[in-house]
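J.: Keeping the supplied structure of chain B fixed, place chains R, X and Z with the ligands upon it in accordance with the hints.
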Amino acid sequence: MEYLRTVKYESELDKKFLKEVVKHSECDKILECIQCGTCSSTCPVSLYMDYTPRKLMAMIKGGFKDDALKSKTVWICSSCYSCTVMCPAQIKITDVMYALKRMAIEKGVYSKGIPTPVLAQEMSNIISRKGRNSEMEVVTRMMLRTNPFGMLKMAPMGMSLFFKGRMEIFGEKIKNLPQMRKLLKGLKEAK
Amino acid sequence: MSDKGFEPRIVAFLCNWCSYTGADLAGTSRLKYPANVRTIRVMCSGRIDPLFIISALQKGADGVLIGGCHIGDCHYQKGNYSARRRAAITETMLESLGIDPRRFRLEWVSASEGPKYAEVITDFTRQIKELGPNPLKKGAAK
Amino acid sequence: MSNCRIGVYVCHCGSNIAGKVRVDEVARYAKDYAPDEVVISREYKYMCSDPGQDLIKKDIKEFNLNRIVVASCSPLMHEKTFRNATADGGINPFFFQMANIREHVSWVTEDENAATEKAKALLIAAIHRVMHHEALEKRTVHINPQVLIVGGGIAGITAALQIADAGNKVFLVEKSPSIGGHMAQLDKTFPTLDCSACILTPKMTSVGQHPNITLMTYSEVQEVNGYVGNFKVKVLRKAKSVDHEKCTGCGVCTQKCPMKAPNEFELNMAPRKAIYTPFPQAVPNKPVIDKTICTYYKNGRCKACEKFCGPGAILFDEQDRIEEIEVGSIILATGYDLKTAESLPEYGFGRYPNVFTAFEFERLVNSSGPTGGKIVTREGKEPKSIGILHCIGSRDKKYCEYCSRVCCMYALKFSHLIKEKYHDCEVYQFYIDMRCFGKGYEEFYNRLLKEGVNFVRGKVAEITDAALEPSEEGKLIMRAEDTMIGTVRRIPVDMAILCLAMVAKPEAKELSHIFSCSVGKDGWFTEKHPKLAPVSTASDGIFIAGACQGPKDIPDTVAQAGAAAAEVLNLIQRGEVEAEVVTADIEEDLCSGCRTCVELCPYTAITYNAEKKKSEINGALCKGCGTCVGACPSGAAYQRNFRDEQIYAEIKGILAV
Amino acid sequence: MKTYGYYPGCSVRSSSKAYEKSLFLVLKSLGAQLKEIDDWNCCGATAYFGTDKKMATAIAGRNLSLAEQQKMDDIVIPCTGCYLTLRKSQDYLKEHQGEIVHKAMNGAGLKGGEKVALRHPVEIIHKDIGLEAIAKVVKRPLKGLKVASYYGCQLVRPYGDIDDPYHPVILDEIMTACGAEAVEYPYKTRCCGGALTGTVEDVGLRLVYILLAEMQKRGAQVVVTMCPLCHMNLDAFQSKVASRFGAEYKKSFRKEYKPLPILHFTQVMGWAFGYKSKELGLGDIMVEPKSLLAAS
Ligand SMILES: Cc1cc2nc3c(=O)[nH]c(=O)nc-3n(C[C@H](O)[C@H](O)[C@H](O)COP(=O)(O)OP(=O)(O)OC[C@H]3O[C@@H](n4cnc5c(N)ncnc54)[C@H](O)[C@@H]3O)c2cc1C
Ligand SMILES: Cc1cc2nc3c(=O)[nH]c(=O)nc-3n(C[C@H](O)[C@H](O)[C@H](O)COP(=O)(O)OP(=O)(O)OC[C@H]3O[C@@H](n4cnc5c(N)ncnc54)[C@H](O)[C@@H]3O)c2cc1C
Ligand code: SF4
Ligand code: SF4
Ligand code: SF4
Ligand code: SF4
Ligand code: SF4
Ligand code: SF4
Ligand code: SF4
Ligand code: SF4
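Protein chains in written order, with this note's numbering: chain B, 56 to 246; chain R, 2 to 143; chain X, 56 to 712; chain Z, 52 to 347.
What the hints contain is simulated information worked out from the structure, not anything from laboratory work. C-beta atoms are modelled at their ideal positions from N, C-alpha and C, and glycine is treated no differently. There may be inaccurate statements among the hints.
[Claimed, not checked] Listed next, the in silico SDA-like pairs over lysine to any residue satisfying Cα-Cα at most 20 Å (straight line):
1) R/130 with X/456
2) R/33 with X/165
3) Z/68 with B/212
4) Z/301 with X/526
5) X/530 with X/509
6) X/586 with X/621
7) B/127 with Z/299
8) X/474 with X/244
9) X/439 with X/530
10) X/394 with X/457
11) Z/197 with Z/338
12) Z/162 with B/219
13) Z/194 with Z/215
14) B/125 with B/62
15) Z/154 with B/236
16) Z/302 with X/134
17) B/78 with Z/122
18) Z/105 with B/161
19) B/237 with Z/90
20) B/240 with Z/105
21) Z/105 with B/80
22) X/394 with Z/215
23) B/219 with Z/90
24) Z/291 with B/127
25) B/185 with Z/327
26) X/193 with X/244
27) X/289 with X/199
28) Z/86 with Z/122
29) Z/291 with B/212
30) X/560 with X/546
31) R/130 with R/6
32) X/394 with Z/218
33) R/33 with X/167
34) B/228 with B/187
35) Z/162 with B/241
[Unchecked claim] For each label pair, taking beta carbons as the anchor points, the in silico distance ranges come out as:
36) B/233 with Z/211: 49 to 57 Å
37) Z/168 with B/102: 37 to 45 Å
38) Z/146 with X/167: 31 to 39 Å
39) X/285 with Z/168: 52 to 60 Å
40) X/540 with Z/121: 34 to 42 Å
Isolated chain B, as found in the complex:
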């Protein structure tokens, strides 16, 4: 039997992590967390998370950067805002989750096997190309990149939607695409 070392040395933690997170908009109150667990209690998916939202708050405060950014929790969060409205410290936990997602994508450290980052990227690609989104296209591209065999499982549902006229294969395009491109380009340059 192998015994794992579970102690964390301070040198393994990143004390700047909290500051980095707090900089994101609407993430300023994390420091006020009283560890009451209300967020985990109200969260419909906390049961499936590797760290409950409460734990994640403590991890941010403690500087557990690697664990926090690699956690599945942020991708399991469905952005339902239950925790945000219930938190007695008025921490906007949902926005903290978003901030962690962005940081994880930026650093490319998100947990493998979670297709959400791919979905998000695909969606933003399609929007910058067309201005409008096509559910079909997004899902297809996501599946192809993450789980080609999953496509087969999805097929029956896709077919029935298709027959009900609820699947649009070719998404619509906006007219003023140059404006959209200019907007996105302007944004990139400003940053």
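T.: Structure of chains R, X and Z with the ligands alone, referenced to chain B:
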């Protein structure tokens, strides 16, 4: 205007209960700050008439500071609200007189904030030095 | 002012001042600055020492001085000392001014030249100012020894008995038909588990019988005028419709009365009649008629009570009336409320019958309560599991940011009372932190740990009845993260008890206007100083005690009531108090009647005299902040010892160097 | 006839065409109409906030700016996902005046966007039009029909200014005004799984199951939604849920799981107002609803 040797004179009106006591604490703690500020004690920041400020500037002060208790902590419950309201009026008055409103400052300093008092004085002195002598002052006018 | 003969004294304070400021130069400067007015200018080692003070006294006589200026430490330190020396020397103590060259100069300045210059400026300012000083007289106010206490909970009762026992007359005004307050509703009290009624009832009876206490129940204070020592109070005496002089308290009327309404004392879990005493141990134990439900008042029929009342005590046409009383001091002891459970829809109170408030539970375990002390669900069944939810509305920035201080302890008490009756009942405490800081409280917690109560550290965010598996059916589901383990748990219970936040009375704000004291952001009355004057308010002669000042348990409430009583007795003992000297006044001729000042005064000391079309200041109420003076557009308002000309002189002097 | 600006969002143009169709008809009966923002683009959806908040805001901001340029005072947004994305973006624009996003927008000829009021159809129907007006146009009262109103997350959270975030009632009241019986259940605003059905399917499906099971247990015959994504999750994934969790349901509640018709709330209103099945797109629904509606 950057007279190298310019040592401004700043008049500070301090309320008895918080800011004056805070200034005393800076003293008992032996904190050091520029000697440019001269204090006048009133019972409450609410007592301060905008004309006191104008008068001080006319008589040659380069800057005027008002110190009062933090909002909600006024010894007289709400005198500092009046001070805050009047400070806004004072600023417009100064502007209309052609005086840079940055020569006037309102700060909340509690009786336990000796270090804050010292910081405020240091910072305000620096700012007034940057602004140069008060143009109203006889002889200083260009 | 050439008739000023000023004596100037510059203190060394050993080396505290003299080490940085060239005191000899400063003293000489003063003399040279105003050779006509400054008759003598000295420096001395320790001005506050007896020889230092004697110097002043002697000089006044010898040089016929009429003004004194001392440049030394902060006036907050020694102004009184030197004023007394000035008075002892034979001139009015207000012909004195101090310059602070220690705290504001020598201790904070690095450079000796700069310090010396600054000291000169402050001294010249004081010299200019003192020329404009005027003689002021100290005044005293007589204290009326009668006392008003508002609120008849344990706080009001305790204070009333202490003051009355000391031989003073007390008026105790209580809004409801009986005194007792919330403590009367409690079953046992932590941490000793005394029966609440057993310790409270004797005190209530003493109040009812005390020759020095005038009990005014079913009454409210409407108006307070005056100032410390001399308040005039208007009390609204609501019509009881029963002559309490004649009534013997036999209770026949209540038996015969046909009209029922929910009983507030029992949290509406039991009925009461239209003519009722709120609970069996009520003081006074005599009924009142609730006009809103009595059929006689509604449609002129019934009068059963009148028919059966032997002594003929029913008084249908009694009217509300105003009674005026005069007192010298006032204690506010109006207590608290619980936050309404309906304001937190996530906990389903009202939707799920077996969600109870803490007070409902107190009545439920009480043997004189609606179930005779049986803990049962609303369907009348014995619960097999009970969840007690801490911090509901407390420690929550959406509702009340503060901790309610008593709920952890009464939650433990509840667990114990449940375990006492149903040993096998599973009791769950859902808590964030266990706050047991009083004497014997932690020990009480330990006792509960031994009794086998389940402690889950995690807050329940919502209550539902949504079962996910057979064992949960028909139960209330407590979903909480057990933060110690780090797992979300679903715990089904038969009954949930909400430990709701203690909140300030909604009418506290209005009371604060009537009594010229203030309330903080959460609505609790504000004390003058949280540590050093915890029962005083900003208004002299008005004190606070008990849970109206903030959440508190009974030991703290009683201690505070004792402190408030001591403050009142202190005033009575002294017989008179010194009034503030540096008060404001209005020059009638100059006042334009604009009323700017009236609004601003925090102590409602200024009134507008409609006849004269002028505003007037009541010197006894004024505390001397000078806000009105700073705002008066006509220059009519002035403040003693802080007159405009005095301050202008100081400004002039301070900039003369 | 009152005209509102209109932001359709991508879903009503593909998976939820019936929502749009029925919404137009219902509003027509109630004396209101919608004018689409010319050349609107995708709102960016929630996933976008997870990639780049500034970009998400800029993309959403283009719509707000177009609406203002096209002189719209308020815009109606049928998808609660779009609704929240646009509202949050608008807040961001208000709070970060003169910063990067504004600069990029100005560079692309887009201005403003902070003033236009953002509304959801449920809100305008309940507040602006009112229950009485609804009752007046009801031709086929839905007598005895037990309807579970499902609100989802994003209309009532995080803002909580349209109805209580935990226990809202406005859609129930609208259904009652149409003659139906509102089913009381505790999960009216519990998450339907959102995008999880597509990304972390196991979790997403379980959330759908918990909701449907609870509605079923409380006797719901029909479920109404007010968001295309909620509808998609409850409707399109229902057969999957039934096959995966049917046994668990039976074990727990000793009953067979019976699939529920999931409708856009405007379809049910339209039926009560007398429109035909085809007009309302009832045929698009996976579990056939017509017979139930007709029976009521
Ligand atoms: C569920 C529960 C259980 C508790 N258990 C315990 C315990 O076991 N042990 C313990 O130490 N503490 C306990 N407490 C705390 C205890 O109730 C309080 O400490 C105590 O009651 C405070 O007394 P009080 O006199 O300040 O206020 P109150 O009891 O609220 O009395 C105030 C009185 O003033 C009257 N009043 C209000 N407004 C006016 C007005 N405008 N004019 C005239 N009269 C007015 C009211 O009618 C009332 O009679 C418990 C509290 C709760 C909520
Ligand atoms: C580290 C620390 C920090 C604290 N910080 C705070 C704070 O921030 N805020 C706060 O509210 N409280 C604070 N407290 C609590 C605070 O110190 C006490 O509440 C307070 O000092 C109690 O005052 P006391 O007069 O009862 O007792 P003490 O301060 O102990 O005074 C008792 C006096 O009696 C004298 N004495 C003892 N025996 C005899 C005898 N036989 N005969 C004659 N004289 C005797 C002692 O010499 C002493 O002078 C703190 C306490 C600690 C330990
Ligand atoms: S609800 Fe808020 S305060 Fe409580 S643990 Fe979660 S984040 Fe912290
Ligand atoms: S927003 Fe995310 S973390 Fe918060 S309750 Fe919803 S799913 Fe859980
Ligand atoms: S009067 Fe003040 S400055 Fe002078 S010796 Fe006394 S304490 Fe020191
Ligand atoms: S019957 Fe008469 S005497 Fe008896 S309690 Fe009633 S009012 Fe009093
Ligand atoms: S007159 Fe009123 S109080 Fe008297 S018995 Fe009838 S209902 Fe009761
Ligand atoms: S006393 Fe305990 S239950 Fe009450 S608010 Fe404080 S921590 Fe919460
Ligand atoms: S502000 Fe001055 S002029 Fe106006 S009413 Fe008051 S005292 Fe009179
Ligand atoms: S000095 Fe202050 S307290 Fe006195 S009357 Fe004026 S405003 Fe009121």
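J.: Of all the hints given earlier, name the ones this structure violates by number, lowest first.
T.: 1, 7, 12, 13, 16, 17, 23, 24, 25, 26, 30, 36, 38 and 40
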